[in-house]
Amino acid sequence: MQVQGMGVTTRAEPLFGSLEFAPRRPNWTAFLPYLLALPIVVYEAVFIVYPIFLGLRSSFYQQPLGGAERWVGFANYGRMLGDAGFWAVMRTTLVYMLAVVVVAVGFGLFAALVLNRQFRGRTFARGLMTVPWAFPDVPTVLIFLWMLNPNFGVMNVFAGFLPWIEQNPTWLLDQRLAFFSVVLVTAWKGFPFYSLVILAALQSVPADLVEAARVDGASPRQAFFAVTLPVISPTLLLLTVLASIYSFKQFTIIWLLTGGGPVGATETIAIRIYNTAFRFYDFSYAGVLGVAGFILALSVALIFLAIQRRQEREVS
Amino acid sequence: MANFPIPSTDSSTRWSRPRIARAVKSVAFGLLALVVCVVTVFPIYWMIVTTLRPTSLNLRYPPAVLPSQIDLTAFTQLFAEEAIGRWIFNSTLLALMATAICVGLTILGAYALSLLRWRGRGPFAIFLLMTQMLPEALIIVPIFAIYRSVTERGIPLRESLPGLALIDAAFILPIGIWILKNMFDSVPREVREAALVDGAGPFRVLFQIVLPLTRPGLVAVGVVAFFYAWNEYLFAQTMITRADIKPASVGLASMITMLDTPIERLLAAGLVFAILPVVFYALMQRYIVAGITAGAVKG
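Residue numbers (my numbering), protein chains in the order written: chain Y, 21 to 336; chain X, 23 to 321.
This list has only true hints and no planted wrong ones.
Simulated DEER-style distance windows between Cβ atoms:
no., chain 1, residue 1, chain 2, residue 2, range
1, X, Ala45, Y, Ile315, 52 to 60 Å
2, Y, Leu249, X, Arg175, 54 to 62 Å
3, Y, Val122, X, Ser48, 26 to 34 Å
4, X, Ile148, Y, Gly284, 29 to 37 Å
5, X, Leu118, Y, Gly279, 27 to 35 Å
6, X, Thr173, Y, Gln331, 43 to 51 Å
7, Y, Gly141, X, Ile70, 14 to 22 Å
8, Y, Arg99, X, Pro284, 44 to 52 Å
Heads up, incomplete: computed chain X residues facing chain Y, CB under 8 Å, no partners named:
no., residue
9, Val58
10, Trp68
11, Leu138
12, Leu156
13, Val163
14, Ile189
15, Leu256
16, Ile278
17, Leu288
18, Val300
Worth flagging that the hints you see were computed from the coordinates, not collected in a lab. Just so it is clear, the structure is predicted and the values come from calculations on it, not from any experiment. Even for Gly, the Cβ is constructed at its ideal location relative to N, Cα and C.
With the rest of the complex left out, here is chain Y:
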């Protein structure tokens, strides 16, 4: 029941398709799966696919405030591609995603390796991992706004341990520090889940193999790279993709910590879309930005599917 998912194919067999056990049952069971899936497909179509379609449509129109919409072809796209602000937002989004993936998965791996050893209080330490994972976004932001307060925040105390820091940093008001803080908060919220997943994957590392490697004179590091890492690397790959999706979707943490500022230093595409629509009321431009974001999301999803296919093939 642990994460045996990593590549083990499902055992479910044709059950109502062949019907060898119940020959007299009417043929409607052949349609059963479609009947079951239909409400879900319709639901998701109404609340997700149709809005995407509307967003795509709005990207070809210009809608002046209070006026009727007007077909403008690719004019909005031209405006976006020529907009230096758009490229800055794309860059911020990608750097933010990369930074969160590296910090969250990296620290998650470190924590998992530490918690995988036998020591007293290990169960308790693992239990602690659930706390940041389950902590909702809004209170998470409340804590960090307080900890990063330039006058009274406890992070100033920690920063003070660094030799080159002479006065309290203005955490969220400095462009670089704000970006750093936002990445740190996002990663803090994300890493425990990755850690729990890696811990589960570490259970499938054959202990006798590690033992054998050690007996043969491998150092702990060599044993890690030769035995442990190959076993958990599909998991790490998967988590890299999950972390990219997680950071790409992130809105609440960034929005409430910095609102995208200062001077756009933390403005990812999610924040930019929101600002464009609900601060500047430029709905058609928000539509184009949405399409750009959708293309980015789709490419991450496709990379993900490709990885998944490859892993499935390797198993079977």
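Assemble the complex: chain Y is given as a structure, and chain X must be docked to it using the hints.
Chain X alone, transformed into the frame defined by chain Y:
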């Protein structure tokens, strides 16, 4: 404990060289474990300590690491002076509605994905994965426009908790299906086949055999759905501005901008809001982690 290891050149004594090396190693390892735990829980610890101190002690720099006294006025004032009771009530209502929609549809989807073999199964799985990866911010603008025009035609979706629950459920549904499918997969085939031989129909197999065996999975789906809606901020603050139906996530965020709110009261509100999800996620952790990763891997 009291005897500090005294290095000795004589390897036959208690504190031989490899022994010291091992002791140093285990201390180093203990430090690493400590670092992991501190990074994980320090922010929460700090939140709790802050709520237990009066403002005068919180607005002091450098701050004391330990609470010198335990002062619960932040919590009593929170319930006396803020609308938090109302917010929590609204959030509960919202989350219950989203959970009901989600659990109902999840059973259907998990059944189709796990126990049946059909042509559309692969595309259906990919469709679910795709919707799961979509950022909420990408559809907030069009969905806002849809809700506005539907509301103008007399069906109140904007400024309504059921309307909000409908979108929340759409976003949590795919993950719910993965969690339950993963549980369904673990039901032995023989059990289902035996029921079929006895002449049970597909729905009897589902409701009388499979679901009773996978109750924790269903609970896990409920927990995930409930707290997605409970925590959700983006849709909630875009769709709901009326004070009387504000959910807690929006209410809490609005406290940030009220500069006169004392910090310990603000954090007390955050703590009250966070307790339920932490408790329930801790209880259902096993199923949720396995379900999310299995969903992401198997497809």
